[in-house]
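Chains A and B supply the protein sequences, listed in that same order. Under the working numbering, the first residue of the first sequence is numbered 1, with each subsequent residue one higher. Under the working numbering, the first residue of the second sequence is numbered 1, with each subsequent residue one higher.
A few of these clues could be false.
[Said to hold, decoys possible] Here are some of the chain B residues that sit facing chain A, going by a computed Cβ distance under 8 Å: (1) Phe-109; (2) Pro-114; (3) Ala-136; (4) His-162; (5) Leu-163; (6) Asp-166; (7) Asn-168; (8) Phe-169; (9) Gln-236; (10) Leu-239.
[Stated by the list, open to error] Computed list of lysine to any residue pairs in SDA-like fashion (alpha-carbon distance at most 25 Å, straight line): (11) A:Lys-161 with B:Ser-123; (12) A:Lys-73 with A:Gly-89; (13) A:Lys-25 with B:Val-10.
Hint data in this document are derived by calculation from the structure and do not stem from the laboratory. Heads up, the beta-carbon is just placed ideally off N, CA and C, and yes, glycines get one too.
Residues per chain, in single letters:
2 protein chains.
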Amino acid sequence: MSAPVGILEVAAMRRWSSAARAAGKPVGLVPTMGALHEGHLSLMRRARAENGVAVASIFVNPTQFGPGEDLEKYPRRLEEDLALCGQAGIDAVFVPAADEIYPKDFALFVDPGPVAQPLEGASRPGHFRGVATVVAKLFNIVLPDRAYFGQKDAQQVAVIKHLVRDLNFGVEIVVGPTVREPDGLAMSSRNAYLNPGERQAALCLFRALGIARDLAAGGERQATQVAAAMAEEVIQEPLADLDYAAVVDPETFEDMESLDRPALALLAVRIGNTRLIDNLILEPAGNRRGKRG
Amino acid sequence: MSAPVGILEVAAMRRWSSAARAAGKPVGLVPTMGALHEGHLSLMRRARAENGVAVASIFVNPTQFGPGEDLEKYPRRLEEDLALCGQAGIDAVFVPAADEIYPKDFALFVDPGPVAQPLEGASRPGHFRGVATVVAKLFNIVLPDRAYFGQKDAQQVAVIKHLVRDLNFGVEIVVGPTVREPDGLAMSSRNAYLNPGERQAALCLFRALGIARDLAAGGERQATQVAAAMAEEVIQEPLADLDYAAVVDPETFEDMESLDRPALALLAVRIGNTRLIDNLILEPAGNRRGKRG
Numbered sequence: 001m002s003a004p005v006g007i008l009e010v011a012a013m014r015r016w017s018s019a020a021r022a023a024g025k026p027v028g029l030v031p032t033m034g035a036l037h038e039g040h041l042s043l044m045r046r047a048r049a050e051n052g053v054a055v056a057s058i059f060v061n062p063t064q065f066g067p068g069e070d071l072e073k074y075p076r077r078l079e080e081d082l083a084l085c086g087q088a089g090i091d092a093v094f095v096p097a098a099d100e101i102y103p104k105d106f107a108l109f110v111d112p113g114p115v116a117q118p119l120e121g122a123s124r125p126g127h128f129r130g131v132a133t134v135v136a137k138l139f140n141i142v143l144p145d146r147a148y149f150g151q152k153d154a155q156q157v158a159v160i161k162h163l164v165r166d167l168n169f170g171v172e173i174v175v176g177p178t179v180r181e182p183d184g185l186a187m188s189s190r191n192a193y194l195n196p197g198e199r200q201a202a203l204c205l206f207r208a209l210g211i212a213r214d215l216a217a218g219g220e221r222q223a224t225q226v227a228a229a230m231a232e233e234v235i236q237e238p239l240a241d242l243d244y245a246a247v248v249d250p251e252t253f254e255d256m257e258s259l260d261r262p263a264l265a266l267l268a269v270r271i272g273n274t275r276l277i278d279n280l281i282l283e284p285a286g287n288r289r290g291k292r293g
Numbered sequence: 001m002s003a004p005v006g007i008l009e010v011a012a013m014r015r016w017s018s019a020a021r022a023a024g025k026p027v028g029l030v031p032t033m034g035a036l037h038e039g040h041l042s043l044m045r046r047a048r049a050e051n052g053v054a055v056a057s058i059f060v061n062p063t064q065f066g067p068g069e070d071l072e073k074y075p076r077r078l079e080e081d082l083a084l085c086g087q088a089g090i091d092a093v094f095v096p097a098a099d100e101i102y103p104k105d106f107a108l109f110v111d112p113g114p115v116a117q118p119l120e121g122a123s124r125p126g127h128f129r130g131v132a133t134v135v136a137k138l139f140n141i142v143l144p145d146r147a148y149f150g151q152k153d154a155q156q157v158a159v160i161k162h163l164v165r166d167l168n169f170g171v172e173i174v175v176g177p178t179v180r181e182p183d184g185l186a187m188s189s190r191n192a193y194l195n196p197g198e199r200q201a202a203l204c205l206f207r208a209l210g211i212a213r214d215l216a217a218g219g220e221r222q223a224t225q226v227a228a229a230m231a232e233e234v235i236q237e238p239l240a241d242l243d244y245a246a247v248v249d250p251e252t253f254e255d256m257e258s259l260d261r262p263a264l265a266l267l268a269v270r271i272g273n274t275r276l277i278d279n280l281i282l283e284p285a286g287n288r289r290g291k292r293g
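Bound conformation, chain A alone:
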């Protein structure tokens, strides 16, 4: 595989993508904040396989970080990331500076509405406004035929699906499964923050989701019972601080009462200074497929 083209400017990215389309090549886009792991790379390989050209963006988007969050210390390792993009078959990597995406006087945002209110939206005010806005910008710059996101950020996926539906973007959203370490920890760029003890403690998220899955498969119908069991598992971990444990409708992110249809179990947990999230689709008992998110 040859090294991907690195593109710094909006106008150049637009031209590159436009030329690909003019040559009859569908464009796949994988938006990332860098610090790439196998979760990102699996999306990139898929974008490469399913399109004429594959574009990745690496942009640590300031508008999706709140005050006091980890914008400054978010891991940045561009050279390594570019090599990984090349290995995954990416043709062009869009690496804009912050003021290329947010020039002085930038002032307009996408307000993502109710799906962005609970859970991550409540814990991180403004987060999904920043996500929806930067994704709208990337879609308009690259005009991809398909864009690839990971199920690990389940509420982000829901926000982006609403963005595409409600603003009529002509892009197909493809969602890749959560990629996990051998012991079950969901891959995340933020795992790099964990010391060895915290890394071990972080397994409480996966254990809690397993308990939720088993309860649902065993016939438990009360969503509150399932959420409570997840919370209990996290609380037993001394290094963990529970932010939320919830069971919601996978499309609307509204609370579910009865597990009479597939539901989404979600967790946000602080381990030391590191905030981790994870989720799993719960199939109620009687459903054949036991999907792992």
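Given chain A's structure and the hints, the job is docking chain B onto it.
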């Protein structure tokens, strides 16, 4: 000229526009709410002349009307409008139903930021959120190379320019001059609401803008003096009820203090039950060109 194609559905509009682009034809778009007058038609002829194909949309956008505004009684005369589009050289007219643009569960909006706050934004809360959202949708459906708007709605033009800039839409915004009746009244679909006495009273807007232009050309430097003179002219008209008279920066819509550069004079006036707006670019004394907005 042949009759334009009428298109009712988002998917069909997207396909039509995409086929034109694939055939190498740049697409011009003229978004309207129908009840077409010479202001719209001048934009359509220009879209026809400057592009490979010209699309008009006719959609009375509910989200840009507030409670108690004239959504229900806004003039609708589709057959006549389609004939006028044909005469103006429009190739396709997009005429979606309200639930085609806003399906059940629609929930996401573009928040246009500070440029949408004063003047029309203050008098019509939510108006520009509705405008920015529907225009973003139309841009994503049609993917025009150029889109045409009238200077009569000056703050709308500013909002749309910010929308394009901040969300990186790949569309050129073309602004056509305000088209006026022989006596100076700016053409507007809402002029149809005026009875003969009100029609005469409505000339106070044009008179007030003329006073502003003459003051600026004569060397008046204080924007507040110019705004006050406009207000005074309107107040002398018994059938008129002044909403605002202002002099602002034409890009940011922030108040201007000193007329040391081109400024925008704006008026909103209620004549009976009809709310009219108008505006004019003011060139300070010493500037050669005396532009009429």
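Hints breached by this structure: 9, 10, 11, 12
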